[in-house]
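What follows is each chain in one-letter form.
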Amino acid sequence: MNRDLEPNPPGPSMVKAVDEMIRNLEQISADPAIIGKCPGLPGVVLDKILATCVERDGPEYAKVARDYESLRADYLKALVMHPVGRALAALAVGSSGVELMERGRPPATVAEVRSRRAGQTRSRRQSFNCHHIVPKSVRPHTDTVSINHPTNFVVAKTTRRGLDQSENPHHLWHSLFLHPQTHNAPAEPHPVYVIRPLFPFYPPITQGFRSVEELRSKLAQLGAPTLPEVWENRILEFSKATQHKAYSVPKEFHEITRLFGDLYKNLNKDPELNRQLRASLAEKASRLAADFLPAGAYLNGKQLPANHTIKTIVPIIASQQKLETVVKPSATTRKRQSRKLVTTQPQPQLNPQKV
Amino acid sequence: MPLNRRYIKELSDMFVDDLTRSDYYRQLDAPQRHDLDDRLRSEAEQGYFPLVPGAENQDLARLAFALADELNIRLPETLVDILRQIDGFVANGVTMYGVDGDLRDDQFDAVPGLVAENSYHWASYPETIEKYLFIGDADLWHFAIELGTGNPVVLHKGTLTEAHRFASLEELVDDMLHQALGYFDDTPEYLEADSTDYSAGFHFSRS
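Taken in order, these protein sequences are the chains called A and B. Numbering-wise (this note's numbering), the first sequence opens with residue 183 and increments by one. Numbering-wise (this note's numbering), the second sequence opens with residue -18 and increments by one.
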């Protein structure tokens, strides 16, 4: 049995919501130069929201988590049905990623298959996860954010290769920005700065584009729709910011892991030194986050003082756009039934389908 | 207790299907493609689940040594039993960690490794050091073993607070497989037999 081959189209409310998400992203800034403002974190802004923490054992949190699971497939299908979403998907996750999304699954691309002489065949897959920009663990005190609305989703690369997390921006957002701000957070409404990518996929490209002609030619090769000018400009700016190479999470953000590896192996048998290491790691993580966040932000429960200065500038916005659409899990998603998967043996595709 | 073999079979079918649709497969030349098809067919005939291998003893021994040496933790026997059946996977936004690629003879890092991922999580979230052995994650959750008690637990990804506790590691991994296969709504097989018996835990992905 398998859910992949479900032909059900996404519900109309989801289609409208994805369109709203694309429009909202376009409206964040008309100036494509915003993309390269922070070369280490290109194509993202910090979105300031006022929020409180959600009671994790309460029904509100459970409902948000349950609704998300029933919405996700519809969201992925609607995203690749939208002409802009489809072109951006083709650039970010390739044609096989688009095919998976059409079936309601997050994109994952097979990177390599290997067999040992005596042993089973293994495949390595590059994976993407659907990330909540404003985490489910906080309750936004504004009507511009809805946790399970497409405006709060981004499909983010989550590939990990050993200790190398350079292809895992998703983890960086959690460990550097979200966790320190929600850990020990105050109970009353307080500012939370969330990473909001300016693309529905992150990173938005897997190769550099030096000219609009090059970009258009790639889209044509993929059989994807052309992009409106505002998106072409954003892609070109992103490519410029990454020096026309595939995006990598900067090495300085891996420093915590290196510090851990250097110290922990020698200290791990001494409880007191271990406690010190733990404290120094927490402090280091907070310092890293503080380089990006303004005065007034909370890190590990402590507010950054009024005289705090930002060291690394990521553009800060405060979303003002009220949501026009509401999404609900489609009836087909909630009631879907098991079906047998027919395909089990590889069949060569002589005419691969374009996206 | 074995994992739900129906889920593993479905995951294997899904991976083989994904492979045949992939740009990687399409770009292989014909002999390479035939060779790969033959190998996968042969593995299926031998009773294996193609592209969802279990860990080999030699790799498990190296993993146990690395976890003790680098993270000062013992590889739980229950996890060894699971890894023998399924050495990690990445599907549908759900990841189960496996034996690290650099511990294997061929150095092939097919899935995120237990040593590397725990080093990273412990470094990023110091409050989890020696408290949890992380075994996987999804969009919303971290899956882990609480080291003090041996209990399999699910943690909220945003806050690292506990969301659910399973009665056994097999149940937790079955639930990960359940989510990886996209079963968010149907009654799982092990509850179908007695729909009122939730004493061994409940299906987390349905919670």
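Treat the hints with care, as some may be off.
[Claimed, not checked] For the chain B half of the interface with chain A, some residues (derived, Cβ under 10 angstroms), not all of them:
| id | residue |
| --- | --- |
| 1 | Leu21 |
| 2 | Pro57 |
| 3 | Thr59 |
| 4 | Gln66 |
| 5 | Asp81 |
| 6 | Val96 |
| 7 | Trp103 |
[Said to hold, decoys possible] Below are the DSBU-like pairs computed for lysine-lysine, each with C-alpha atoms no more than 35 angstroms apart in a straight line:
| id | chain 1 | residue 1 | chain 2 | residue 2 |
| --- | --- | --- | --- | --- |
| 8 | A | Lys466 | B | Lys(-10) |
| 9 | A | Lys422 | A | Lys433 |
| 10 | A | Lys451 | B | Lys(-10) |
| 11 | A | Lys230 | B | Lys112 |
| 12 | A | Lys493 | B | Lys112 |
| 13 | B | Lys(-10) | A | Lys433 |
| 14 | A | Lys466 | A | Lys493 |
| 15 | B | Lys112 | A | Lys245 |
| 16 | A | Lys510 | A | Lys422 |
| 17 | A | Lys447 | A | Lys422 |
| 18 | B | Lys112 | A | Lys219 |
| 19 | B | Lys112 | A | Lys484 |
| 20 | A | Lys447 | A | Lys504 |
| 21 | B | Lys(-10) | A | Lys510 |
| 22 | B | Lys(-10) | A | Lys447 |
Calculated directly from the structure, the hints in this document are not laboratory data. Predicted, not measured: the structure shown is a model, and the values here were computed from it. We put the CB at the ideal spot given by N, CA and C, even for glycine.
How the hints compare with the structure:
1. Hint status for B/Leu21 relative to chain A: holds, with the closest Cβ pair at about 6 angstroms, below 10 angstroms.
2. Annotation: interface hint on B/Pro57 violated; nearest CB of chain A at approximately 18 angstroms, more than 10 angstroms.
3. A distance limit of 10 angstroms between C-beta atoms decides the matter here; for B/Thr59 the minimum to chain A is near 22 angstroms, and the interface restraint is violated.
4. Hint on B/Gln66 is violated. Least Cβ distance to chain A is approximately 12 angstroms, over the 10 angstroms limit.
5. The interface hint given for B/Asp81 is met, as the beta carbon of that residue sits about 6 angstroms from the closest beta carbon of chain A, less than 10 angstroms.
6. Interface restraint check: B/Val96 against chain A, minimum CB-CB distance 9 angstroms, threshold 10 angstroms, status holds.
7. For B/Trp103, the interface hint holds, the least distance from its beta-carbon to any beta-carbon of chain A being 6 angstroms, beneath 10 angstroms.
8. With a CA separation close to 44 angstroms, the supplied pair A/Lys466 and B/Lys(-10) exceeds the 35 angstroms bound.
9. Distance check on the hinted pair: A/Lys422 and A/Lys433 sit about 19 angstroms apart at the alpha-carbon level, within 35 angstroms; holds.
10. Distance restraint check for A/Lys451 and B/Lys(-10): the Cα-Cα separation of roughly 42 angstroms exceeds the 35 angstroms cut-off, and the hinted pair is therefore not satisfied.
11. The straight-line distance between the Cα atoms of A/Lys230 and B/Lys112 is roughly 33 angstroms, inside the 35 angstroms bound, and the hint therefore holds.
12. In summary, the hint linking A/Lys493 to B/Lys112 is supported, as the alpha carbons are separated by about 33 angstroms, within the 35 angstroms threshold.
13. Between B/Lys(-10) and A/Lys433, the direct Cα distance comes to roughly 39 angstroms. Violation of the 35 angstroms bound is thereby established for this hinted pair.
14. About 15 angstroms separates the Cα atoms of A/Lys466 and A/Lys493, which keeps this hinted pair within 35 angstroms; it holds.
15. A distance of roughly 28 angstroms separates the Cα atoms of B/Lys112 and A/Lys245; the hinted pair therefore holds under the 35 angstroms criterion.
16. With a C-alpha separation of about 39 angstroms, the suggested pairing of A/Lys510 with A/Lys422 is violated against the 35 angstroms cut-off.
17. Using a Cα cut-off of 35 angstroms, the hinted pair A/Lys447 and A/Lys422 is violated, with the two alpha carbons roughly 40 angstroms apart.
18. This hinted pair does not check out: B/Lys112 and A/Lys219 have alpha carbons roughly 39 angstroms apart, beyond 35 angstroms.
19. Of the supplied pair hints, the one linking B/Lys112 and A/Lys484 holds, its CA atoms being roughly 24 angstroms apart against a limit of 35 angstroms.
20. Note on A/Lys447 and A/Lys504: the hinted pairing is violated, with a Cα-Cα distance of about 50 angstroms set against a maximum of 35 angstroms.
21. Using a Cα cut-off of 35 angstroms, the hinted pair B/Lys(-10) and A/Lys510 holds, with the two alpha carbons roughly 32 angstroms apart.
22. Between the alpha carbons of B/Lys(-10) and A/Lys447 the distance comes to roughly 39 angstroms, so the proposed pair goes past 35 angstroms and is violated.
In this structure, the earlier hints numbered 2, 3, 4, 8, 10, 13, 16, 17, 18, 20, 22 are contradicted, and the remaining ones agree with it.
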